[in-house]
Amino acid sequence: MQASEIYERIKSKFEDAIVEFKADAIVEPYLEVKPDKVKDICEFLRDEPDLAFDYLMCLSGVDYGDGTLGVVYHIYSMKHGHRFVLKVKVSVNDPVVQSVESVWKSADWHEREAYDMFGIIFEGHPDLRRILMPYDWPEGSYPLRKDFQVPEFYNGMKVPY
Amino acid sequence: MGLLDKRFESENIVITTVEDVLNWARLSSLWMMQFGLACCAIEMMAASASHFDIMRFGVIPRSTPRQADLMIVAGTVTLKMASRVKRLYEQMAEPKYVISMGSCANCGGPYWEHGYHVLKGVDRVIPVDVYVPGCPPRPEALLEGIIKLREKIRRESLVKKKLPPVYVEEK
Amino acid sequence: MATFEITTRSVRGDLKTDTMILNMGPQHPSTHGVLRLELVVDGEIIVDVIPHIGYLHRCFEKHAEQMTNYQQVIPYVDRMDYVAAMGNELAYVLAVEKLMGLEVPERVQYIRVIMAELQRIASHLLAVGTYGLDLGAFTPFLWCFREREKILDLFEITCGARLLYNYIWVGGLSHDLPSEFGKKLKDFLKTFPKALKEINDLLTFNKIFIDRTANIGVLPPDVAINYGCSGPMLRGSGVKFDLRKNEPYLVYDRFEFDVPVGEGKMGTVGDCWDRYYVRVREMEESLKIIEQAWEQLPPGDVHSAIPKKVRPPQGEVYFRTENPRGEIGFYIISDGHSASPFRVKARAPSFVNLSVLPEISRGYMIADLVAILGSVDIVLGEVDR
Amino acid sequence: MRQYFKNIFIAIWTILVGLKLTFKHLFVRAVTIQYPDVKLKLPERARNRLYVNIDDCIGCRQCEMACPVDCITIETVKALPNEDLGVTSTGNKKRLWVTKFDIDISKCCYCGLCVYPCPTECIYMTDVYEFSEYKRHNLIYHFSNFTPEEAEMKKRQVEQFELEQKMKKAKPAEQVPVNNPESGEKKS
Amino acid sequence: MPEIFNMLIASFIPLLFILIYAVVILWVEIKVASHVQDRLGYMYTGGFHGIAQPIADLLKLLTKEHITPANSDKIFFTLAPVLVFASSYAAYAALPFTSTFIAANLNVGIFYIIAITSFVVIGILMAGWSSNNKYSLLGAMRSVAQIVSYEIPTVLSILTVVVAVGTLNLQEICEIQKGGISSWNIFKYPPFMLITFLIYFTASLAEVNRTPFDIPEAESELVAGYHTEYTGMKFAMFYLAEYANMFLVSGIAAILFFGGWSSPFGKFLSSPGWGVFWFVSKGLFFVFLQIMLRWTLPRLRVDQLMYVSWKVLTPISFVNLMMVGLWAILK
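These protein sequence lines are chains A, B, C, D and E, in that order.
Residue numbers for the first sequence follow my numbering, beginning at 1 and rising by one.
Residue numbers for the second sequence follow my numbering, beginning at 1 and rising by one.
Residue numbers for the third sequence follow my numbering, beginning at 1 and rising by one.
Residue numbers for the fourth sequence follow my numbering, beginning at 1 and rising by one.
Residue numbers for the fifth sequence follow my numbering, beginning at 1 and rising by one.
In case anyone wonders, no lab produced these hints; they're calculated from the structure.
Hints are not guaranteed to be accurate.
[Unchecked claim] Only pairs whose alpha carbons sit at most 27 Å apart, straight line, appear in this in silico DSSO-like list of lysine-lysine:
{"id": "1", "chain 1": "B", "residue 1": "148", "chain 2": "E", "residue 2": "31"}
{"id": "2", "chain 1": "C", "residue 1": "265", "chain 2": "A", "residue 2": "79"}
{"id": "3", "chain 1": "C", "residue 1": "207", "chain 2": "D", "residue 2": "169"}
{"id": "4", "chain 1": "D", "residue 1": "6", "chain 2": "C", "residue 2": "184"}
{"id": "5", "chain 1": "D", "residue 1": "154", "chain 2": "B", "residue 2": "152"}
{"id": "6", "chain 1": "A", "residue 1": "158", "chain 2": "D", "residue 2": "41"}
{"id": "7", "chain 1": "C", "residue 1": "190", "chain 2": "D", "residue 2": "6"}
{"id": "8", "chain 1": "B", "residue 1": "86", "chain 2": "E", "residue 2": "74"}
{"id": "9", "chain 1": "E", "residue 1": "178", "chain 2": "E", "residue 2": "267"}
{"id": "10", "chain 1": "C", "residue 1": "16", "chain 2": "E", "residue 2": "134"}
{"id": "11", "chain 1": "D", "residue 1": "39", "chain 2": "E", "residue 2": "267"}
{"id": "12", "chain 1": "B", "residue 1": "6", "chain 2": "D", "residue 2": "24"}
{"id": "13", "chain 1": "A", "residue 1": "87", "chain 2": "C", "residue 2": "288"}
{"id": "14", "chain 1": "A", "residue 1": "22", "chain 2": "A", "residue 2": "87"}
{"id": "15", "chain 1": "C", "residue 1": "98", "chain 2": "C", "residue 2": "265"}
{"id": "16", "chain 1": "A", "residue 1": "37", "chain 2": "A", "residue 2": "13"}
{"id": "17", "chain 1": "C", "residue 1": "240", "chain 2": "A", "residue 2": "158"}
{"id": "18", "chain 1": "C", "residue 1": "240", "chain 2": "A", "residue 2": "79"}
{"id": "19", "chain 1": "C", "residue 1": "183", "chain 2": "D", "residue 2": "154"}
{"id": "20", "chain 1": "C", "residue 1": "98", "chain 2": "A", "residue 2": "89"}
{"id": "21", "chain 1": "A", "residue 1": "87", "chain 2": "C", "residue 2": "184"}
{"id": "22", "chain 1": "D", "residue 1": "166", "chain 2": "C", "residue 2": "184"}
{"id": "23", "chain 1": "A", "residue 1": "105", "chain 2": "C", "residue 2": "240"}
{"id": "24", "chain 1": "C", "residue 1": "190", "chain 2": "D", "residue 2": "20"}
{"id": "25", "chain 1": "D", "residue 1": "168", "chain 2": "D", "residue 2": "154"}
{"id": "26", "chain 1": "D", "residue 1": "155", "chain 2": "D", "residue 2": "166"}
{"id": "27", "chain 1": "A", "residue 1": "22", "chain 2": "C", "residue 2": "16"}
{"id": "28", "chain 1": "D", "residue 1": "39", "chain 2": "C", "residue 2": "183"}
{"id": "29", "chain 1": "C", "residue 1": "197", "chain 2": "C", "residue 2": "207"}
{"id": "30", "chain 1": "D", "residue 1": "6", "chain 2": "C", "residue 2": "265"}
[Stated by the list, open to error] Okay, the calculated beta carbon distance ranges per label pair:
{"id": "31", "chain 1": "A", "residue 1": "65", "chain 2": "B", "residue 2": "124", "range": "51 to 57 Å"}
{"id": "32", "chain 1": "C", "residue 1": "315", "chain 2": "B", "residue 2": "124", "range": "40 to 46 Å"}
{"id": "33", "chain 1": "B", "residue 1": "124", "chain 2": "C", "residue 2": "256", "range": "52 to 58 Å"}
We put the CB at the ideal spot given by N, CA and C, even for glycine.
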C-alpha cells in the first residue's frame, strides 16, 4: 500500500490535523501533523485492519536549529509490510507533544530519550524522566540541542578536556 | 601494602629479603576484578580466553572487589559511572593496583573532544599504575601491561619513601 | 506467565513480610556490562524490575554532528555495538548510499555479505558463551571464544583490526580481500560445524541447562511486536520476520537459507531456550550463506565507487539492516550543503529489546532474571549509544 | 510417573555426555600462544602504533584534517625563498618547515583514516603494540626534529623576513626617505 | 605423659595433611580447568608450570588488608571462617588413614562425622548474616536450605551402608572390606549399593557447595554469595575449608564403598604404609571427579535443587534402604 493511499485514508478521517504531505521528499514521502492530534492518528493507523501499523520502527527527536524541535515517527506494518513516516514540529518554548506510549509500548523509552536529549515533553507519558543522562544533570540543559553548552564542572569532575 | 606498608625507617638485610618474597607473592597472584565497561572488556575477555590465557600470570577473575587486588578499567568511564568506579576502588583491599586499558580510560580517547558525558581519563577519579594504549588494545598489549605492572610491584619496598633533600639558601 | 503467585505484602499467619529492594548494580558479573537493575524482590521472587541505563552513554549522536565528513562517523558507529561492529558500519553506509543514490559494484556487495555473516557468527558465539557463563557453565564460554578467535584472525588479515574495523566505507571497502583469505575461510568453514556440535552437546541439550531456561521469561508474539523487539528476540517468540528475507538489501535475495523460528521444543514458544536455540541455528544458516557467497564472488575493484567528496543531497533516510542482535536502523538528515550530517539517529536493537525486560521477568526468581537477561543478549554500548 | 524416571535418565545421560566431552578435551593440545615467549606475527595490514617518517612529510596537514579524533597537531613555518628543503623520496618538493608534529597516541582510535590521504605516504601504522606507559604524558609522541627553541627562532626569522617584504613593497609606493630603524638590521 | 603426646600427634597429622593437600589441590583444580578449556593455566610462578602459585596466593592473602564492613557484627564476622574450617577439620579426627593410624577410633565414627559437618551450616549462616550485605544474606539463606535438605539423602545412604556392614566404626568397615576388590561394599547387593553410592555422591556434592549445586556462592547471581565481604586471610580460611570438605566427603565415599585403605589386590601391597596410599588416591580420584563436574555442568536453581533433594534423592534412598534391609534379613 503506497504512502499516498495511506495519506488519503488519514486525510479522510483527520482533515484538520494535517499540516503538510510532502510526496516527493528525498527517499521517503512524509506527512506532518499537528502535535495534539498525534495520538489519535497513531491509534487509527494501528487499529485500521488494512493499515495495521503495529510496529514502531523508530521515534527520533530532531532540533531543526531555527527554534523548532521535531519528532519523527517511522512506523511499519508486520502484516502488510508497508511503512510510513509521520512528523511533528513544535517550537522550543512550549515543546509539548502527545505521547504515543499507549499505542506502541516501544515508544516509552524512545520518548524518554527524546525528552532527555531535546527537552520535548510528552504529555500522557507514565514516567517521563531522564534515561541516558544522570538524574541530577542540570534541569534546563539538553545535550543534543544545537545551542548546548558543556557544563564546566559536574559533581566536582571537570568535564571538558 | 596492607599491614606492613611504610612501617619501617631504614632498609636492612631482613627487610629487603622479606620485601622480595612478599613482592614476588603479590605480583605472581594478582587477582583481577571482573569489571568490564565497553569494547575493551571484550578484548579483556579474549585475553582471559584460550588463545591469550591471562591465567598464566596468576590473574584469576574474581567477582567481588573485596577479594580483587587488580582493577582493570576496560572501557569508557562516563560521568554517571565515575562515582561507581571510585566506590569500587575504595572497596578493594589495600595493596591494590589499577591498569587503565584503552584510549577511553587513558584520556577519554575518541570521545575527548565532543563527549559531554565522558570522563576524560580515569586518572581524574582513581590513581592509575599502568596505561595500556590502544582502541581496543590487543590482548597481548594487555598482557604486556600486566608484565609492566609486575615489574613495578617487584620494585616496591616496605621502607618509607625517602623524601628529596630540601635545599636551604645560605643566609 | 508467573510461575509463583506474587504476594507483595502478604501476611502469612502473623508473620508480616515485605518486599526488599535489591540493586544489581552497574558492576555485576552477569549484567553484560554497565547496566543497573533495581529489583523489587519478595524473598527470591521478583516483583518488579526497574532498569537504569546510561552508564555508558558516549554521546554518539553529538559526535556524528560534529564530524567534518560522513567518512569520519564510521569509527564512532563501530563503537556502538562493539560486538558486531561490521553490522553497524554496514547499516550506516547503506543508509548514506541510499541517501546519495550511489551504486556499488557487485564484488563489494558480496564481500559485505561475507563480512556481515562472519560477524554474525562471531557475535552469536559471544552471546552463547556468555549465556553459558551466566548459568554457571564456564567451559562453553572458552570453547566459543576459541572459535571466535579464528574469525577475528580472518578480520585482522583483511582490514587490520580485531574488533572495531572501519572496513566498510561509503561507496566501497577500505581493502580488498587478501590472497590467503580463501584458504583460511575454507578451513574455518570445515572445522566450525564440529566445534558447534561439541558446544551443543555440552550446553544446549544438557538437562540442567534445559531446566534453567525452558519456560522461563516467556515473551508472547504480540507483546514482542508491541515493544518493537527484533532479531532473535522476535524470532524466538515464533514471529518469522527477518530483514534479510522480508526486506532484502545487498545481494541477500540471491542466497537460499531459511530463517530459524522458536517452536517451543523444550517448553513454551518464546522462552529463553527458544531465543538461545534460534541463535545457534542462525549460526548454521550463516555458514550456508558464506559458502554460497564465496562461490559466487565476482572479480572487480573495491575502490572504484568511493566518491572523492561525500555530499548527499538535502533530504533524510531511514534504513535498517539485520544485525545479530536485531534490527539496527539509521535515520540520517542531511542539509545538502555541509559535508557533515545534520542529524544521525541510531535505532539500536538492544535498547528496544531491553525495554521488554520488566515485562517478561515478573514472578520469576533472581536466578531466572540472570537467565532472561542473558537470553535477551544486550550490548551496553548500543543501549546507551 | 514415567516422566519422573525419564527426567532422571536424561539428567544422568546428559551429565555423562558432558563429562565425556570435557574428559576428551583434557588431552586436546592447548591453543594458547604463550605471549612473552612466543609472539604472534601480525598480518602486514595490522593497525597498531602510528609512525611518521618526518623527512618525507611536506606539512600538507591532510592527516590532521582526516583524523576524526583530532589527535594530530602540526605546526609548519614557510621556508624562506633562499632555503632549499630538498625533495621527498616520492619526488614532492618540500616548501614548509614542519616545526611541530605531535600525535597524542592515547587519544588515537587506530581507525587508519590518516594513512590514505597522505600524498607522500609518510604516516603509516606499524605492527608495534607493546607501548604501555607508567605516565600518561609519555604517550604524546613528538615526531618533528625541531626543538621548541629552534621552532621559535625559525618563526621569528620568517616574521622578520615578512616584515621586510612588506617594508620593501610599502617603501617604493611612498618614496619617502624614512630612515626606519629596521632597515639597518636587514644585513645582519 | 605419652597420652598428651599421642593426642598432639593424632591431631597434628590430619592438619598437616589438609594444608599440603589444599596447596596441591588449589593448583590441580586450576590446571585441570585450564586444560579442559584448551588453555595452559598457571605457567610463570615458580618455574615449571606455576608450581609455586598456591604458595604465592596464600602468602599474598596473608598480607592483605583485613576489611570489616561498617555496622556488621564484628564477632560473628571474624568467628564465621574459624567455625567453618574448624568443623571440617574436626571431622578428620574419625577418618582412618590406615589400619594402624586413626586419630580417634570412635565406635560411632560415621555418626560423629555427620554430626560435626553440620556445623558448617552455622558458620555459613554467620558469615552471610554478619557481613551486612544483601547478597551475602541471600547466599547464606540458600546454603542453609541446601545443606540441611541434603543431609537427609546423605544420612540415608550412609544408613544403607551401615545396615549392609553392621557397624558404625569406620576402622571396622575398612577391615570388612579387606579381601580385595570383590569384597568392596559397592559390589554387595548388586544394584542397590551402586544406587546408594550415586545418591551419596550427588548429595555430598551439594553438602560441599560444588557445581551443579554451588548456589550459595553463585558467581553470576549473588556476586560471591556468603563470602562476598571477606578479604585476605578470612577468605583464605573459607577457601581452605571448602577444599578440606571436598576431601572429607570423597574420603568417606572411598571408605564406605571402595574399601578405604584396603588394597584392591587383597593381600598384595596391603601393609599400613600402602594403606595410606590407597586411601588418599581413592579420595583424590573423587575430588578429581568433583573438579571435572564443576567445569562441565551449569548451575541449578534453588527450587530445582530442593526438587532434586526431596522428590528424587530422598524417596529413592528410602526405597533403597528398605531393599537392602530386606535383602540383609533374608540372607
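Going down the list of hints, with the structure as the test:
Distance check on the hinted pair: residue 148 of chain B and residue 31 of chain E sit about 25 Å apart at the alpha-carbon level, within 27 Å; holds. Restraint check for residue 265 of chain C and residue 79 of chain A: satisfied, since their Cα atoms lie roughly 26 Å apart, inside the 27 Å limit. At most 27 Å may separate the alpha-carbon atoms for a hinted pair to count; residue 207 of chain C and residue 169 of chain D exceed this at roughly 92 Å. Proximity of residue 6 of chain D to residue 184 of chain C is assessed by CA-CA distance (about 44 Å); at most 27 Å being required, the pair is judged violated.
Restraint check for residue 154 of chain D and residue 152 of chain B: the C-alpha separation of about 42 Å exceeds 27 Å, so the hint is violated. Our distance criterion of 27 Å between C-alpha atoms is broken by residue 158 of chain A and residue 41 of chain D, whose separation comes to about 42 Å. With a C-alpha separation of about 36 Å, the suggested pair residue 190 of chain C and residue 6 of chain D falls outside the 27 Å cut-off, and the hint is violated. Restraint check: the Cα-Cα separation between residue 86 of chain B and residue 74 of chain E comes to about 26 Å, which is no more than 27 Å; the hinted pair holds.
Restraint check for residue 178 of chain E and residue 267 of chain E: the C-alpha separation of about 8 Å stays at or below 27 Å, so the hint holds. Note on residue 16 of chain C and residue 134 of chain E: the hinted pairing holds, with a Cα-Cα distance of about 19 Å set against a maximum of 27 Å. Simply put, residue 39 of chain D and residue 267 of chain E have alpha-carbon atoms about 56 Å apart, too far for the 27 Å limit, and the pair is violated. A hinted pair counts as satisfied when its Cα atoms are at most 27 Å apart, and residue 6 of chain B with residue 24 of chain D does not qualify at roughly 51 Å.
Distance check on the hinted pair: residue 87 of chain A and residue 288 of chain C sit about 41 Å apart at the alpha-carbon level, beyond 27 Å; violated. Our distance criterion of 27 Å between C-alpha atoms is met by residue 22 of chain A and residue 87 of chain A, whose separation comes to about 11 Å. Between residue 98 of chain C and residue 265 of chain C, the direct Cα distance comes to roughly 41 Å. Violation of the 27 Å bound is thereby established for this hinted pair. Using a Cα cut-off of 27 Å, the hinted pair residue 37 of chain A and residue 13 of chain A holds, with the two alpha carbons roughly 12 Å apart.
Proximity of residue 240 of chain C to residue 158 of chain A is assessed by CA-CA distance (about 50 Å); at most 27 Å being required, the pair is judged violated. Restraint check for residue 240 of chain C and residue 79 of chain A: the C-alpha separation of about 11 Å stays at or below 27 Å, so the hint holds. Taken as a hint, the residue 183 of chain C and residue 154 of chain D pair is broken in the structure, with Cα atoms around 56 Å apart against an allowance of 27 Å. A hinted pair counts as satisfied when its Cα atoms are at most 27 Å apart, and residue 98 of chain C with residue 89 of chain A qualifies at roughly 25 Å.
With a CA separation close to 49 Å, the supplied pair residue 87 of chain A and residue 184 of chain C exceeds the 27 Å bound. Of the supplied pair hints, the one linking residue 166 of chain D and residue 184 of chain C is violated, its CA atoms being roughly 66 Å apart against a limit of 27 Å. Distance check on the hinted pair: residue 105 of chain A and residue 240 of chain C sit about 21 Å apart at the alpha-carbon level, within 27 Å; holds. Simply put, residue 190 of chain C and residue 20 of chain D have alpha-carbon atoms about 23 Å apart, close enough for the 27 Å limit, and the pair holds.
Under the criterion of a C-alpha separation no larger than 27 Å, the hint pairing residue 168 of chain D with residue 154 of chain D is consistent with the structure, at around 21 Å. Taken as a hint, the residue 155 of chain D and residue 166 of chain D pair is honoured in the structure, with Cα atoms around 17 Å apart against an allowance of 27 Å. Proximity of residue 22 of chain A to residue 16 of chain C is assessed by CA-CA distance (about 63 Å); at most 27 Å being required, the pair is judged violated. Simply put, residue 39 of chain D and residue 183 of chain C have alpha-carbon atoms about 23 Å apart, close enough for the 27 Å limit, and the pair holds.
Our distance criterion of 27 Å between C-alpha atoms is met by residue 197 of chain C and residue 207 of chain C, whose separation comes to about 16 Å. With a CA separation close to 17 Å, the supplied pair residue 6 of chain D and residue 265 of chain C stays within the 27 Å bound. Under the hint 51 to 57 Å, the C-beta atoms of residue 65 of chain A and residue 124 of chain B, about 33 Å apart, miss the expected range. The beta-carbon spacing between residue 315 of chain C and residue 124 of chain B, approximately 42 Å, falls within the hinted interval of 40 to 46 Å.
The hinted window of 52 to 58 Å between residue 124 of chain B and residue 256 of chain C holds, with their beta carbons roughly 55 Å apart.
The structure is inconsistent with the numbered hints 3, 4, 5, 6, 7, 11, 12, 13, 15, 17, 19, 21, 22, 27, 31, although it conforms to all the rest.
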